[in-house]
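Take the sequences, apply the hints, and build the full model.
Each chain, letter by letter, is given below.
Number of protein chains: 2
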Amino acid sequence: MPTSHPPQPLFLDDLAAGDVFESEPITLSAGQIVDFARQFDPQPFHLDDEAARGTFFQGLAASGWHTVALTMRLMVQSIPLDCGVIGAGAELAWPKAVRPGDSLRVTSTVLGITPSRSKPDRGIVEVQSVTSNQLGEVVQRLTSKLLVFRRAA
Amino acid sequence: MPTSHPPQPLFLDDLAAGDVFESEPITLSAGQIVDFARQFDPQPFHLDDEAARGTFFQGLAASGWHTVALTMRLMVQSIPLDCGVIGAGAELAWPKAVRPGDSLRVTSTVLGITPSRSKPDRGIVEVQSVTSNQLGEVVQRLTSKLLVFRRAA
Numbered sequence: 150m151p152t153s154h155p156p157q158p159l160f161l162d163d164l165a166a167g168d169v170f171e172s173e174p175i176t177l178s179a180g181q182i183v184d185f186a187r188q189f190d191p192q193p194f195h196l197d198d199e200a201a202r203g204t205f206f207q208g209l210a211a212s213g214w215h216t217v218a219l220t221m222r223l224m225v226q227s228i229p230l231d232c233g234v235i236g237a238g239a240e241l242a243w244p245k246a247v248r249p250g251d252s253l254r255v256t257s258t259v260l261g262i263t264p265s266r267s268k269p270d271r272g273i274v275e276v277q278s279v280t281s282n283q284l285g286e287v288v289q290r291l292t293s294k295l296l297v298f299r300r301a302a
Numbered sequence: 150m151p152t153s154h155p156p157q158p159l160f161l162d163d164l165a166a167g168d169v170f171e172s173e174p175i176t177l178s179a180g181q182i183v184d185f186a187r188q189f190d191p192q193p194f195h196l197d198d199e200a201a202r203g204t205f206f207q208g209l210a211a212s213g214w215h216t217v218a219l220t221m222r223l224m225v226q227s228i229p230l231d232c233g234v235i236g237a238g239a240e241l242a243w244p245k246a247v248r249p250g251d252s253l254r255v256t257s258t259v260l261g262i263t264p265s266r267s268k269p270d271r272g273i274v275e276v277q278s279v280t281s282n283q284l285g286e287v288v289q290r291l292t293s294k295l296l297v298f299r300r301a302a
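Chain order of the listed sequences is A and B.
Heads up: take any position in the first sequence, counting from 1, add 149, and you land on our numbering.
Heads up: take any position in the second sequence, counting from 1, add 149, and you land on our numbering.
You can trust all of the hints, since none of them are fake.
Since the list gives no way to pick out one identical chain from another, each pair is judged satisfied if it fits inside one copy or across any two copies.
Heads up, simulated BS3-like pairs for lysine-lysine below, C-alpha to C-alpha not over 30 Å straight-line:
#1 Lys245 with Lys268
#2 Lys294 with Lys245
#3 Lys268 with Lys294
Just so you know, the hints here were simulated from the structure itself, not pulled from any lab data.
This is the structure we're talking about:
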C-alpha cells in the first residue's frame with residue numbers, strides 16, 4: 150500500500166491529467182487578516198471591521214492576495230514536486246469573501262501537461278486549485294502554469 | 150492646473166481606456182523575501198541564498214506572490230478609486246525573478262471598461278499593471294478586473 154506521509158517527490162513523468170492533491174485546512178484570524186492588509190493591501194475593508202461595514206464587503210474581509218498566499222502555502226504542503234512548486238503564470242477569481250475564523254482548504258487538479266519543445270527536461274503543468282471554506286463554499290479559483298522537470302535519465 | 154497630491158477620488162465615470170497611473174518605487178530586502186516565504190511560500194529558493202544556488206532560480210528570489218502583494222500595495226497608493234481597489238479576478242505572469250535589493254515600481258493602464266448590465270451603479274474596469282525593476286526589466290504582468298462604482302446621481 151502506498152504511504153502518503155511523507156509523499157514521494159514527483160517529476161513530470163509521474164503526473165497525469167486528472168491527478169488530485171488535497172491540502173490540510175488552515176484557519177485565518179482577524180489579526181492575521183489585518184496584519185497582511187497593513188503590509189500589502191491597506192484598505193478599510195481589510196483593516197477594520199467597523200470601517201468595513203459601510204463598504205462593498207459589509208464587514209472585515211481578507212485581501213484576495215492573502216487568500217492566494219495561503220493557498221500557495223497549502224499547495225507547497227500538498228503537491229510534492231521534486232523541483233518545488235514554481236509558477237510561470239496564473240489566473241485567479243475570488244467568487245466569495247474570506248472572513249475572520251474561516252478555515253480554508255485547497256483541492257488541486259492537474260488539467261493538462263505540455264512538454265517543452267525547446268527543453269526536453271521540462272514541461273508546463275496546468276493545475277486548477279480550488280480554495281473552499283468550512284461550509285464548502287468556493288472562495289477562490291486559481292489556475293497555475295507550473296514549471297515541472299523530468300526525472301534525470 | 151490639476152494637482153496630483155492628494156489625488157481626487159475617482160469613480161467609474163472618470164475613467165477611460167488608456168488612462169495611466171504610475172506608482173512610487175519600493176525596495177525589497179533579502180530579509181523581507183525570506184519573511185514572506187516563511188509564512189506563505191516556504192521553498193528553498195525563497196528562503197536561503199545558499200540553498201537557492203542549486204535550483205532553477207540560481208540564487209535567492211522573491212515568491213511571485215510577494216511580488217504581486219507589493220504590486221497591490223503600490224496600486225492602492227497610485228490608483229485613487231473612491232470605493233477602493235477591489236479585484237474580482239486577475240491574470241498573472243512572472244517573466245523574470247525578483248532579487249534582494251530590487252526596487253520595484255508599477256505602471257497601471259486602463260484597458261477597457263464594461264458597465265454592469267444588471268447593476269447600473271457599477272462596472273468592471275480591466276487594468277494592466279506592469280511591475281518593473283530598477284533596470285526597467287519587467288518582473289510581473291498583472292491584468293486585473295476591478296469592480297468600480299459610479300458617482301452617486
